[in-house]
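Let chain Z serve as the given structure and place chain X on it in line with the hints.
Note that the protein sequences, when read in sequence, are chains Z and X.
To convert, note that position 96 of the first sequence is 133 in this note's numbering; the numbers rise steadily by one, no gaps.
To convert, note that position 1 of the second sequence is 38 in this note's numbering; the numbers rise steadily by one, no gaps.
Hints may contain errors.
[Unchecked claim] Heads up, incomplete: computed chain X residues facing chain Z, CB under 10 Å, no partners named: (1) Q42; (2) R47; (3) A51; (4) V72; (5) A76; (6) E77; (7) F79; (8) A80; (9) K82; (10) L98; (11) L112; (12) P114; (13) R118; (14) A120; (15) M121; (16) L124.
These are computed hints drawn from the structure, not numbers from a lab.
For glycine and all other residues, C-beta sits at the position ideal for the given N, C-alpha and C.
Protein chains: 2
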Amino acid sequence: MVNYQERLSRTFAALVDPTRRAILARLEREGGASVSALAEPFAIKLPAVMKHLDVLDDAGLIRRSKVGRTVTVELRPGPVREAMDWLRRYERFWSRSLDRLTAYAESKETEARKRKP
Amino acid sequence: MVNYQERLSRTFAALVDPTRRAILARLEREGGASVSALAEPFAIKLPAVMKHLDVLDDAGLIRRSKVGRTVTVELRPGPVREAMDWLRRYERFWSRSLDRLTAYAESKETEARKRKP
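Same shape as in the complex, but just chain Z (with noise of 0.2 Å):
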């Protein structure tokens, strides 16, 4: 079994080429899509799109069916959200952040009115 920790590390992975995010954003978009659908648009060969694929479905980001001779790709997605659920911490980081900016600014404010006669 993959544990928690590993299953990130292979879901950032997977997400650090931007032929691979592409894939994933079109699946998003069209909700599936054959292979040689897939490889199109690329100006990589069939077989360097099949290696990306490969590392997604490692990665448990996509799910491959067959049917006769053609192989229909579709999103997967939980390790996604569990990478946002782990990334989701930044964001409380980041509101905290703004929260103490906006104290600060506040309290300098009340301040520049009390020095006012």
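Relative to the frame of chain Z, chain X by itself:
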């Protein structure tokens, strides 16, 4: 200037390593820490920690400042927010999948009810 796609790649690459994620998580909890304090809980040597900090700094995820002989490390939330925004589309996909599932379940229920005398 580093463009958007390059920044995303750097951010995700920085997040692949569990030690770097642990450093970021600690900075998020504590707001800031000295390099030596950050290195303490890890079984790795200080130069290895420094290398991880270089990667985080290059990706724009942390800021280092030196006062006397102490280097303090702080989080910079900008690039993480960009990565979050990129991942958010999958949250939309996930919600749509759930919506479709709910709609399907409801239509089956209605069908079953119609069939009953």
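Here's how the hints hold up against the structure:
1. Q42: At 5 Å from the nearest chain Z Cβ, Q42 (chain X) passes the 10 Å test, so the hint holds.
2. R47: holds (8 Å)
3. A51: holds (8 Å)
4. V72: violated (20 Å)
5. A76: This interface hint is violated because 19 Å lies over the 10 Å limit.
6. E77: violated (20 Å)
7. F79: Status violated, d = 14 Å.
8. A80: violated (15 Å)
9. K82: Violated, about 21 Å.
10. L98: holds (9 Å)
11. L112: holds (6 Å)
12. P114: holds (4 Å)
13. R118: Constraint on R118 (chain X) satisfied, holds at 6 Å.
14. A120: holds (6 Å)
15. M121: This interface hint holds because 5 Å falls under the 10 Å limit.
16. L124: Holds - the Cβ of L124 (chain X) comes within 10 Å of chain Z, reaching about 5 Å at its closest.
Of the numbered hints given earlier, the model fails hints 4, 5, 6, 7, 8, 9; all others are met.
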